[in-house]
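Engineer: Let the hints inform the model, and build the full structure from the sequences given.
Chain by chain, the residues:
Protein chains: 2
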Amino acid sequence: MSEDIQRVEPRVLKGFRDLLPSDLIARNGVVRVIQGIFEKYGFVPLETPAVEHIETLFGSGGDEANKEIWRLETPDGEAAGLRFDQTVGLARALAQYPDQLKAPFRRYAMGNVWRADKPGPGRYRQFMQLDIDAAGSANVAVDAEIIAIMCEALSALGLREYVVYVNNRELIDAVLEDCGIAEPSRQKHVLRVIDKLAKVGLDNIRREMGPGRIDDSGDPIPGVGLAPEVIDRILNLISVTGATRAEIIEQLAQLVSTEHAQAALADLRTVAAALDAMGIHDDHARIQPSLTRGLDYYTSIVYEAMLPQAPQFGSVMGGGRYNRLVERFMDRSIPGTGVGVGIDRLLAALAHLGLVEERKTVVQVLVVTMGKTPLTESLRLASELREAGISTEVYIGAKMNLKSQLSHADHYGIPVAVIVGEDEIANGVVSIKDLMAGKQARLEIADHDAYRKAGTASQVTVPRASLVAEVRRLLA
Amino acid sequence: MSEDIQRVEPRVLKGFRDLLPSDLIARNGVVRVIQGIFEKYGFVPLETPAVEHIETLFGSGGDEANKEIWRLETPDGEAAGLRFDQTVGLARALAQYPDQLKAPFRRYAMGNVWRADKPGPGRYRQFMQLDIDAAGSANVAVDAEIIAIMCEALSALGLREYVVYVNNRELIDAVLEDCGIAEPSRQKHVLRVIDKLAKVGLDNIRREMGPGRIDDSGDPIPGVGLAPEVIDRILNLISVTGATRAEIIEQLAQLVSTEHAQAALADLRTVAAALDAMGIHDDHARIQPSLTRGLDYYTSIVYEAMLPQAPQFGSVMGGGRYNRLVERFMDRSIPGTGVGVGIDRLLAALAHLGLVEERKTVVQVLVVTMGKTPLTESLRLASELREAGISTEVYIGAKMNLKSQLSHADHYGIPVAVIVGEDEIANGVVSIKDLMAGKQARLEIADHDAYRKAGTASQVTVPRASLVAEVRRLLA
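Line order of the protein sequences matches chains A and B.
Mind the numbering: the first sequence is residues 1 to 476 in the numbering used here, read in order.
Mind the numbering: the second sequence is residues 1 to 476 in the numbering used here, read in order.
Don't take every hint at face value.
Since the list can't tell identical chains apart, any single copy or any two copies may satisfy a pair.
Unchecked claim - Straight-line Cα separation of at most 30 Å, DSBU-like style, residue types lysine-lysine; simulated pairs:
{"#": "1", "residue 1": "Lys439", "residue 2": "Lys403"}
{"#": "2", "residue 1": "Lys199", "residue 2": "Lys67"}
{"#": "3", "residue 1": "Lys403", "residue 2": "Lys360"}
{"#": "4", "residue 1": "Lys14", "residue 2": "Lys102"}
{"#": "5", "residue 1": "Lys102", "residue 2": "Lys403"}
{"#": "6", "residue 1": "Lys102", "residue 2": "Lys439"}
{"#": "7", "residue 1": "Lys399", "residue 2": "Lys102"}
{"#": "8", "residue 1": "Lys14", "residue 2": "Lys67"}
{"#": "9", "residue 1": "Lys372", "residue 2": "Lys102"}
{"#": "10", "residue 1": "Lys439", "residue 2": "Lys399"}
{"#": "11", "residue 1": "Lys399", "residue 2": "Lys372"}
{"#": "12", "residue 1": "Lys102", "residue 2": "Lys360"}
No wet-lab data here; the hints were simulated from the structure.
Structural biologist: Listed below in structure tokens is the structure:
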């Protein structure tokens, strides 16, 4: 039968990737920490399908997202698509199950999403998102709770330096209104320009708010066409800095006067007071008046997390408040606010900072069977270790010699080997090899004999009854 | 802007479903238990993409699976499809990364798969699979380890009665060979007929092994065309029963004689000895000579788990040995054996047996803000509870009256409410309400006044410093 098999080249699609055990062990660890914090703050899991009706997906993320939808057809000929985010599914579910998912409702989602855009370094067509969204609360104290979650997650992952930048983009809208710029489309254009501040600098965004500019490639970038005095007011506003949240808010208060602006400031004050109440240090959550997070979708408070020790990874979490979550699906709006964790970026940054351990396996002990020892002896011994909660693999491979077995442990980085040979069985003992110590010792030794001895020195023989205790001691 | 929104009916595609918090809380609990056991036996995670090249998917699961592949096209015009299982991705990855995923390699995968077949009750077009596969070991002691994992998982989930049925289908092939039936296609036909034993009964499979039969709807079912004496030998073989694995093996040994049959029996003996070594009771792993698991794909040992207290759910885990895992992707074969957990069926069975708790939330405490108390007080209090690891939600909704807040706790089944009012703050105390006890008391009381008092009786007021201790006491 083998002859008729058509050989297929083993490869993944462009923009896709496999997560090998070392990738996934690291990711699972980070995901578990974050999930625990989501749950501690009262968020519950909800999972919507990967495939949705095309009209459910279409339009909800704006034109940019529509282009990225990966379309397909159901066996019944209906137009469908792969989800490009998890928020659209939440919005649909809130409208579909109003009796079950009563507001206020806090959910988390941890799943894959698909985008049919151009892949590039770090840009994949399938990637995981960890999202929390709180629906049904207009009070921005909820936004402060989400910021607290971001801080707690970053701290729990071992980071000491992290900043969540917070802003209320309505403040900018209010100043524009005060200057007579009331059209939402122009206001949003200004927010998108400000979003580019870090990338293109103050002078360039000044030009983009005015007549426009020519970019490095010679292409013209049309401007918003604001008057110079309006631009000055906006730039003054977004340039405000200060040592504490309170200080920044008081400085912003000097620059605005209208009722709308006062309301926007009041929301920032609510966020700041809530952060204080939850003990979030001023260094970890800062008001950044230039933060807009470009997307049209956000309506007021926005927030994003940066790692000052690894700025090249950009924002590792980001989100904000959107007050029109379900209106595409039902006759009313439900206010919402939420954050998405860029798990791939976050993992890359943590790895860069040495905060994730690279492990190819979860196995703690390899049971090595020697000579004519029956495999059942090894299985029996493995059962004892597993009963003690120790992850144990019995080597059962094509070649059962000692070298193959120890090289397997070495390849996967299994730290301890328990060796079961005929002598051991006859004497009621087991040999336990500390493979990490042996490796370390060998690395430090140049001389061949000493090298071999180091291997032996890291091995002990103990009574069978001491097996679990001795393995635990080595693993500790 | 609201006016131009085109309203979309909130609904999922046919054959899809949402997993609401209660579904997912239950599923996550079961998945976590099983994942822990997979890891304890030395299996590591591997995740391959949901979308693969069509030629990668095509052919690997047989014609039946090909029909079920949900096809799509990449933005670059390549033919692709959604994966219908997780084994095809494993096979591809083993061929693609031979240096990293060196044999023996044990991996687990827990992800969604998609099938474009007809949906029905309990049959979805997207569903989750939990799979383990051990690649690179021809020794069937590995199959015994997988059976031990199945047993340990079922036991850890609270089941006392469960059986993993085990067989070596090669034994049937060997007897057929001995009778001169050597064509693999006829042998496989016989195995598929035997697979229907439980469904159609002994008389019907006897007819299907012979001339064929007419089914209930009047349709003819073609037979294998075996001679009556051959059928008798097969039926004798598959009817063997006994109290222990050893007894059944010895009875089977009476019925076969050829070298091939002896080799098949030797494998069963290896499995039985390994199960004994791992302490798996005869009641929990039984040899069932009629087990074939229809699929052409398996080559020798097969196994499946049944719950005698809930037989209507069928097999909740199933798998076996397939020795041609990667040959579609590379120039050699790697033997493999593995099991898939039908997580939906398993959950349904556990729920039926009262072994999963129905919970709509993970939240343990709702902080209720009374009257003019600032929300910051509630946030401060929630931080204290969360610091103690208690999942806490601060009620922040559209209506902040007591009734709305307690009805929220009631709707989601949050067990404890902590009430922060002006009196409490003034006196340095908090009121803690045991909502479960109150509910229970009210259920038992007919009289209106007593009903109201029961609500009060379940409430205590304690010094603020005793908050965490008192909440812990109630939750215990």
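Engineer: Each hint: holds or not?
Structural biologist: Hint-by-hint comparison with the structure:
no. : hint             : result
1   : Lys439 to Lys403 : within (15 Å within a copy, 65 Å between copies)
2   : Lys199 to Lys67  : within (25 Å within a copy, 50 Å between copies)
3   : Lys403 to Lys360 : within (20 Å within a copy, 53 Å between copies)
4   : Lys14 to Lys102  : between (41 Å within a copy, 25 Å between copies)
5   : Lys102 to Lys403 : between (61 Å within a copy, 15 Å between copies)
6   : Lys102 to Lys439 : between (57 Å within a copy, 20 Å between copies)
7   : Lys399 to Lys102 : between (60 Å within a copy, 13 Å between copies)
8   : Lys14 to Lys67   : both (18 Å within a copy, 24 Å between copies)
9   : Lys372 to Lys102 : between (65 Å within a copy, 25 Å between copies)
10  : Lys439 to Lys399 : within (23 Å within a copy, 64 Å between copies)
11  : Lys399 to Lys372 : within (13 Å within a copy, 75 Å between copies)
12  : Lys102 to Lys360 : between (43 Å within a copy, 11 Å between copies)
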